[in-house]
Amino acid sequence: MTEYKPITKLADLPEEDLFLSGHRLCAGCGPGITARLTMLASPEKPIVVNPTGCLEVASTIYPFTAWKVPWVHVSFENAAAVASGIAEALDKLDKEGRNKRAPVIALAGDGGTFDIGLQALSGALERGHRFLYICYDNEGYMNTGVQRSGATPMGASTTTSPAGKVIPGKQEWKKDLVGIVAAHHIPYAATATIAYQRDYVNKVRKALSYAGPTFIHVLAPCQLGWGYDPSQTIAISRLAAETRFFPLFEIENGTLKMTMKFPKPKPMEEYVKTQRRFVHLFKPENQHILKQIQQNVDENWERLLRIEAAGKIF
Amino acid sequence: MEQKLIGLTGNDAIAYAVKQAKVDFISAYPITPQTFTVETLSRYVANGELDAKFVNVESEHSALSAVIGAALVGARTFTATSSQGLALMFEELPIASGLRLPIVMSMSTRTLSAPINIHNDHSDFLVSRDLGWVMLYAEDGQEAYDMTLMAYKIAEDKSVLLPAMVGIDGFIISHAIQGIRVLDDREVEGHLGIINPRLKVNVDEPLTFGPLCFTDTFFEFKRQQHEAMTNAYGVVMRTFADYEKLSGRKYSPVKNYMTEDADVIIAAMGSTVGTARETARRLRNEGIKAGVMGFTLFRPLPEREIFETVKNAKAVAVLEKFISYGAAAGPHYLDILSSIYGRGHVPLYDFVYGLGGREMTKEMIAHAAKVSLSNAREGVRVGVRFPGVRD
Amino acid sequence: MSSKTWKELEIGAVLRAATSLEFKTGDWRSERAVIDYSKCIDCLICWTFCPDSAIRRQGTKVSINYDYCKGCGICANECPVKAISMQKEEV
Numbered sequence: 087m088t089e090y091k092p093i094t095k096l097a098d099l100p101e102e103d104l105f106l107s108g109h110r111l112c113a114g115c116g117p118g119i120t121a122r123l124t125m126l127a128s129p130e131k132p133i134v135v136n137p138t139g140c141l142e143v144a145s146t147i148y149p150f151t152a153w154k155v156p157w158v159h160v161s162f163e164n165a166a167a168v169a170s171g172i173a174e175a176l177d178k179l180d181k182e183g184r185n186k187r188a189p190v191i192a193l194a195g196d197g198g199t200f201d202i203g204l205q206a207l208s209g210a211l212e213r214g215h216r217f218l219y220i221c222y223d224n225e226g227y228m229n230t231g232v233q234r235s236g237a238t239p240m241g242a243s244t245t246t247s248p249a250g251k252v253i254p255g256k257q258e259w260k261k262d263l264v265g266i267v268a269a270h271h272i273p274y275a276a277t278a279t280i281a282y283q284r285d286y287v288n289k290v291r292k293a294l295s296y297a298g299p300t301f302i303h304v305l306a307p308c309q310l311g312w313g314y315d316p317s318q319t320i321a322i323s324r325l326a327a328e329t330r331f332f333p334l335f336e337i338e339n340g341t342l343k344m345t346m347k348f349p350k351p352k353p354m355e356e357y358v359k360t361q362r363r364f365v366h367l368f369k370p371e372n373q374h375i376l377k378q379i380q381q382n383v384d385e386n387w388e389r390l391l392r393i394e395a396a397g398k399i400f
Numbered sequence: 031m032e033q034k035l036i037g038l039t040g041n042d043a044i045a046y047a048v049k050q051a052k053v054d055f056i057s058a059y060p061i062t063p064q065t066f067t068v069e070t071l072s073r074y075v076a077n078g079e080l081d082a083k084f085v086n087v088e089s090e091h092s093a094l095s096a097v098i099g100a101a102l103v104g105a106r107t108f109t110a111t112s113s114q115g116l117a118l119m120f121e122e123l124p125i126a127s128g129l130r131l132p133i134v135m136s137m138s139t140r141t142l143s144a145p146i147n148i149h150n151d152h153s154d155f156l157v158s159r160d161l162g163w164v165m166l167y168a169e170d171g172q173e174a175y176d177m178t179l180m181a182y183k184i185a186e187d188k189s190v191l192l193p194a195m196v197g198i199d200g201f202i203i204s205h206a207i208q209g210i211r212v213l214d215d216r217e218v219e220g221h222l223g224i225i226n227p228r229l230k231v232n233v234d235e236p237l238t239f240g241p242l243c244f245t246d247t248f249f250e251f252k253r254q255q256h257e258a259m260t261n262a263y264g265v266v267m268r269t270f271a272d273y274e275k276l277s278g279r280k281y282s283p284v285k286n287y288m289t290e291d292a293d294v295i296i297a298a299m300g301s302t303v304g305t306a307r308e309t310a311r312r313l314r315n316e317g318i319k320a321g322v323m324g325f326t327l328f329r330p331l332p333e334r335e336i337f338e339t340v341k342n343a344k345a346v347a348v349l350e351k352f353i354s355y356g357a358a359a360g361p362h363y364l365d366i367l368s369s370i371y372g373r374g375h376v377p378l379y380d381f382v383y384g385l386g387g388r389e390m391t392k393e394m395i396a397h398a399a400k401v402s403l404s405n406a407r408e409g410v411r412v413g414v415r416f417p418g419v420r421d
Numbered sequence: 041m042s043s044k045t046w047k048e049l050e051i052g053a054v055l056r057a058a059t060s061l062e063f064k065t066g067d068w069r070s071e072r073a074v075i076d077y078s079k080c081i082d083c084l085i086c087w088t089f090c091p092d093s094a095i096r097r098q099g100t101k102v103s104i105n106y107d108y109c110k111g112c113g114i115c116a117n118e119c120p121v122k123a124i125s126m127q128k129e130e131v
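Chains as they are written, first to last, in this note's numbering: chain H, 87 to 400; chain L, 31 to 421; chain C, 41 to 131.
FYI, nobody ran anything at the bench for these hints, they're computed from the structure.
In this text, all values refer to a predicted model and were calculated from it rather than measured experimentally.
Misleading hints may appear alongside valid ones.
Said to hold, decoys possible - If we take Cβ atoms under 10 Å as the criterion, some of the chain C residues that face chain L in the derived model are:
hint, residue
1, 45
2, 49
3, 58
Cβ atoms here follow ideal geometry from the backbone N, Cα and C, with glycine treated the same way.
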């Protein structure tokens, strides 16, 4: 672990990229920005564990690899288990001079975290291994063609929760993953979006200043899956926070703190109308769904404020 | 050097070997009948007898995943499982092989559900046979101890670098106490050395492990694994020879008993081989020239040795503790067939027995041997038979 | 793509760092980002947001690396002084 040194300006970031050009991620890919920022944020060269997903597939098509750090891919649901093995073994091997300790960062999509990867994540957090788990959330199983995940917001149209004549998109609410993670009582968990780069970088640095385990949930939009022009990835990430659709907070040593408050939030519709995955919600027969979504956003925000006011509860 | 004689169960014999191998990292999930292999290992670690990281994962899938992570950074590793646990971690077995990691795993074999049954047959072991693991099967606790030590030597050989598994019969061997002769700690240390992978995940070398290989790049890596498995045969033979010098115990890819002049050979794997030997002695007393071939090195297949063993027999009664639904015969039958085809001809007869721990008696084995001989004399082809099933 | 035989390839498909730099994704784009340096204020915002590390940075100075620019337009959209424009690639 490293001492927490937040950046105050972008020029504080190192110049050298460790996640390089030549990868095959789509133009304007949110997870691509996440990977770059994560590598720039880490004060020491990390070992990256990447489960199957867009980032892994597009960045390591043999014989091309975009990574300038030691990087491991094993399978889809076990990033946290592989990271556990690496963290523990390195501990012993370092003591014996057979390898060197380094920060271990698992960089997993919502697919490999919320659903199929949840068991391994929970086990690793419960056992307290020293690693940082970052979930880059593009709200769907994007690499296999935009299928719904537990992270897909209610109402969104995906290929397995399509907006059809009878069912208007995903019927279930987004899983409260950070709530589940917080219940493991780890030293640090946070949410972020890539629009606020300094905020994200500093959260990564703060997480790495703890031995672990630590967790960050970062919203990383997918232009293809969400249906918007690639140039809007950052703008949409920003709107997600400004509408309180995706709240930004930290849970540090059991206490929740909102990191950005947005006292005059934009209406949720401003965010939802930018993406084709929500376009069916603007039909007259689906107006009630928009209302439900706004209500959910408001209630969730109020809930977070109540938790914040309660002090140390995790 | 003087070998201590200790009373150990099959599971504990394996754990003892793992301790002497000075494994760095163990991760496992309990499942009957493997359970106390890992309980014993966690006791060794808790008492400071084994300086290793012991991680109690939340499932077998995570067990092998964590072991893969540890092996990637250059640790000597171990895990153990059975049955449903093997089935759950199945996804990671070919991955361990494809990533070329010298992981060692023991399997206290147990059948596969459904119905659920905790007793021994070879389903979990045999169902793993195409995944790129070197596979050894122990007849008893002594072999379990010896093979676990040899597995590290074989797996870590630079011309192999494949994971290896050692199977033992669940309950029958895993839970039975035998007098096990164990080598001296320092001798094992000297024999195995410290694992030293050429390539490992480390922060000074930004290597990428586990990339995506499309249709134009994938096939070559499978060919490499095939080569490694082919190399493994020679490495196994060398390891057997070296181990004999250390221990005085001789190992061979198939374990033959009275096969040289046998008219009927009983082929089997695991503890049944012992029962078969006793049966062969009785048959000999009845005037039937019976012999026994026990599968010891299962993968890579020792086809030459199998052919040499059976080539002059009039019939082979193949005992399979496994059922391969829809196939004309089981894996042992097919292994023998592929070893002799094109080299010679010996009639083979398949017998599925002991599923879910159903007892296999000397009488049943003797009957199988006799009926094989008479089928061979008549020149008839007979399909799979099921001694022990209530018909 | 790869013409090496199975004997020549590194076992287990292990790769050495940064070989993706050989794969120039610049031919993906239909528009290219162009910086008007008379307006650029060296804020580095564009550099932080490029998913493809296609904006080179030296100190606080930036330049577009056309070997890799995919033409996504994020930099142009986020530049606080509108110093970057997206211009159609000639066919």
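Verification of the hints:
1. Hint status for residue 45(C) relative to chain L: holds, with the closest Cβ pair at about 7 Å, below 10 Å.
2. A distance limit of 10 Å between C-beta atoms decides the matter here; for residue 49(C) the minimum to chain L is near 5 Å, and the interface restraint holds.
3. Interface restraint check for residue 58(C): the shortest CB-CB distance to chain L comes to about 7 Å, inside 10 Å, so the restraint holds.
The structure is consistent with each of the numbered hints, conforming to all of them.
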